[in-house]
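Q: Line by line, the protein sequences are chains A and B.
Heads up: the first sequence begins at 1117 in this note's numbering, then just goes up one per residue.
Heads up: the second sequence begins at 259 in this note's numbering, then just goes up one per residue.
A hint or two may mislead.
Stated by the list, open to error - What follows is a list of derived Cβ distance ranges for each label pair:
| id | chain 1 | residue 1 | chain 2 | residue 2 | range |
| --- | --- | --- | --- | --- | --- |
| 1 | B | 328 | A | 1165 | 33 to 41 angstroms |
| 2 | A | 1251 | B | 425 | 26 to 34 angstroms |
| 3 | B | 441 | A | 1251 | 46 to 54 angstroms |
| 4 | A | 1412 | B | 437 | 38 to 46 angstroms |
| 5 | B | 297 | A | 1262 | 54 to 62 angstroms |
| 6 | B | 272 | A | 1411 | 38 to 46 angstroms |
| 7 | B | 324 | A | 1136 | 56 to 64 angstroms |
| 8 | B | 435 | A | 1351 | 27 to 35 angstroms |
| 9 | B | 524 | A | 1351 | 38 to 46 angstroms |
| 10 | B | 544 | A | 1302 | 55 to 63 angstroms |
| 11 | A | 1123 | B | 324 | 53 to 61 angstroms |
By construction, these hints were calculated from the structure, which means they are not laboratory data.
Beta carbons: idealized from backbone N, C-alpha and C, even for Gly.
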Amino acid sequence: MKTATINKSDIDKCIDLLSQADYRVIAPRMQPRLDGPDAIDVQVFQEIQPGEEHAIGNDLATTGIKEFLFVKHEPLFAFEQRGKKVEITPVSHDFPKTVMIGVRPCDAASVRSLDNVFSASNVGYNDELFTKRLEQTSFITYSCTDPDASCFCTSVGLAPDSDRGSDLHMTEIDGDRIHIEVKTETGEVLAQLLEPLFQGEGDAAARKKAGEEVFAKISRIRDSNPIRAWLDDTANFDDEMWQRLGEKCLGCGACTFECPTCHCFDIVDENRGGKGYRVKFWDGCQFDHFTLHASGHNPRDWQYKRYRNRFTCKFKIYQEKFEAQGCVGCGRCIRGCPVNLDITEYMAEVAQKATAPNAVTSD
Amino acid sequence: MIEELRNKAKELLESGELDVVIGYADGSDSARTTPIFVRNPEDVEKLVVDGRCVNSLPLFLNKRHEYPRKGWKKTGIVGKGCDIRAITQLIAENQLRRDEVYIFGFPCDGVVSHPNNWDGSLNDGNIASKCSDCDVKIPTDADFYPGGTLPDADRSGPYQITAPQVLNLMEMEHSDRFAFWRDSFDRCFKCYACREVCPHCSCNICITDRTQPNWLDQAAHKKGVFAWHMTRAMHLVGRCTGCGECTRACPVDIQVDAFNQHMKDVIQGSFDYKSGYSEEEKPPLITFKVDDREDFIR
């Protein structure tokens, strides 16, 4: 495995070199805001041109990278009604050669989970809009330095310096240097582009130490191991916990849309006077009409059942159906929840119930 | 103060007068609180009241949130002054009867602007801007108030000060202002947190969820997002009580309450109406008065 170091101040030059090689560069960027006492930092991934400001190495971005692979809305085709006939016209989709830089390990790990859904070989399904984008995309990941109180990646088998899903992995080793590891052949191509910036071999010992230091900073630690078996037991489907913890859920989609692995979508015809587009766009299991049948029956009739589905999807359905990790522990669903509904509270309680099945829990 | 409130809540739950008390409890990290539904009198100990109590709990009184309301006959609710204003507005709009709720009021010094800014106490550096000139620090209505009866308060001053950042926005060139919203709306993915936290979004089926006919595009493209935010703002004209929860709840920090703040000024100027202060007076856009202004009809 090839390693190297670069100066942290040369990150901007990385963007220049990648852009010169005709990559579309996607990086986190601070968002404009109204100045005032309530202003908070919002950072999202956006296409970035050489010389533009970026937020690589800042806190975890407010939203992840999934919208560049699983676009939040896109037309599938155009239609127009002519008399009794409907004319269908294809719409073109472009799949630009892209590199995402400054991607945190949790976000990078989530890409594999999405890929298993959209190119699920076990169900013979291939969403070309996703897979063609992914083919064209490479990932330069960046180890975390400053996890916050909502981060819990270490509880789901990841770490602030994980390189899963990474092509080229960067880790800050001291204040001003970055250790680079080439993880894949794609990463090798990127490394050749960045070679002019290399300051010699990597420093594996310093990189390991940096990773361990950040690992120790993660304060929210849960045991996710017993969850799957507990969820597999159908008797627990009607456990009183679901209602007790979930009754305050408001049914917005903040958690699902911020989640890097949530992948549900809807397809509608946007029809204006007989012509329009068939559009695919994000949908979420937390909305009350998500499972509403045409008959009026709704199998998930109350909100706590919808959150039960979300939790079960992350820790059972994902593993069962897609052989992938459902939750990457980014903590966005905790930060973004208007009522502080916390997935790790469910995790803790399930772990407790699973390990002490006869324990009486307070109601 | 909190002990007094807990004791009263316990008394009313034990006597059966209240089925539930909706309040705030410590959240999953030290900078947050979370809504709690206290049914068991012993659980009143979990109730807290401090600068972290940002949520507007009256949303749970709105009939749209059928669950967990199911089966509650009389509901106790812990409310800041601005929350109680929302309850008053719900009553004015026939969403709620006054005798269905028991209001635990308390004097409020304000709430924190964001959990990240919470350092253990409320201070000039972390108070939410909506709280700086609040005229309901002493609430307008309450069944319980620490220390006895609810004192009278002077409310002749300005109401719901329009935040300085919103005024700045209004002073921008039109094209700059439009660019600001275009960039902000680019982040919107239509999670509808702004709708779900709103105590006054009362429709059982929101217009944006209706598909027959499909009034608004549901996808989060530019057209769909603009249509949604404009519709939301217009549906709250003369009804919004300015709690600012829509902006707080937005996971990508789109300052959607700027629209509501601006429309509040328009309504006050046009109809001399302040939402949330009277159970009898109806919002101006759902009533007609012979002396209503007509100068906008040309």
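Q: Any hints from earlier that this structure breaks? Give me their numbers in increasing order, please.
A: Structure breaks hints 1, 2, 3, 5, 8, 9.
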